[in-house]
Amino acid sequence: MALCLILLAGLVWAMAPGRSKFAPAPLRPVPAVCPQNVPDFVPSDATEVPGVNLSWFSNAQRNRVLYRLNMEPCPCGCKTSIDACRISHPACPVAKNLVEKIVAEEAGARSQQSGDSGR
Numbered sequence: 000m001a002l003c004l005i006l007l008a009g010l011v012w013a014m015a016p017g018r019s020k021f022a023p024a025p026l027r028p029v030p031a032v033c034p035q036n037v038p039d040f041v042p043s044d045a046t047e048v049p050g051v052n053l054s055w056f057s058n059a060q061r062n063r064v065l066y067r068l069n070m071e072p073c074p075c076g077c078k079t080s081i082d083a084c085r086i087s088h089p090a091c092p093v094a095k096n097l098v099e100k101i102v103a104e105e106a107g108a109r110s111q112q113s114g115d116s117g118r
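One point on numbering: in numbering that gives the first Met the number 0, the residue at position 41 of the sequence shown is 40, and numbering is uninterrupted.
Keep in mind that the hints were calculated from the coordinates and are not lab data. The beta carbon of each residue, even a glycine, is placed where N, CA and C say it ideally should be. Any given hint could be a false lead.
Claimed, not checked - Computed Cβ-Cβ distance ranges for the label pairs, DEER-style: (1) ASP39 / MET14: 47 to 53 Å; (2) ASN58 / PRO89: 53 to 59 Å; (3) LEU7 / LYS78: 55 to 61 Å; (4) ALA31 / GLU104: 39 to 45 Å; (5) LYS100 / ALA31: 45 to 51 Å; (6) ALA103 / VAL41: 23 to 29 Å; (7) PHE40 / ASN96: 51 to 57 Å; (8) GLU47 / ARG27: 49 to 55 Å.
Given the sequences, and given the hints that come with them, work out the whole structure.
Structural data, given as structure tokens:
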């Protein structure tokens, strides 16, 4: 039995193909003429905004703010939504200013709605 196993192991070893000696290609900078892969914008689904308290908004207004922040691309060039840019790059002044602008716009709409309901 042991002799059979030894002969079988020798047969398998003899039939095994030789292994290629592949080496990885050297890393070089990508030439400027090659097309660069620019990722497409993908909306995010964040439910919070760092440094912004949305609790004083109604649910509908909070959802509108979050919808805009998650669906609008940040123009800073990161190819993410405004909210995702704010989360990933807290020092980005473009995202910070846009968050403040959108929250202020919604707060203005809220004050207009409360002013209209008082008439």
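*May I ask you to test the hint 51 to 57 Å on the CB atoms belonging to PHE40 and ASN96?*
violated, 19 Å
*C-beta pair ASP39, MET14: status relative to the range 47 to 53 Å that was hinted*: Distance hint for ASP39, MET14 holds at roughly 49 Å.
*Take a look at whether the Cβ-Cβ distance between LEU7 and LYS78 falls inside 55 to 61 Å.*
holds, 58 Å
*Range hint 45 to 51 Å: satisfied by the CB atoms of LYS100 and ALA31?*
violated, 36 Å
*Is 53 to 59 Å right for how far apart the beta carbons of ASN58 and PRO89 are?*
violated, 26 Å
*Could one say that the CB atoms of GLU47 and ARG27 fall in the range 49 to 55 Å?*
violated, 42 Å
_ALA103 versus VAL41 beta-carbon gap, inside 23 to 29 Å or not_ = holds, 26 Å
*ALA31 and GLU104, beta-carbon distance inside 39 to 45 Å?*
holds, 41 Å
Violated hints, in rising order: 2, 5, 7 and 8; the structure is consistent with all others.
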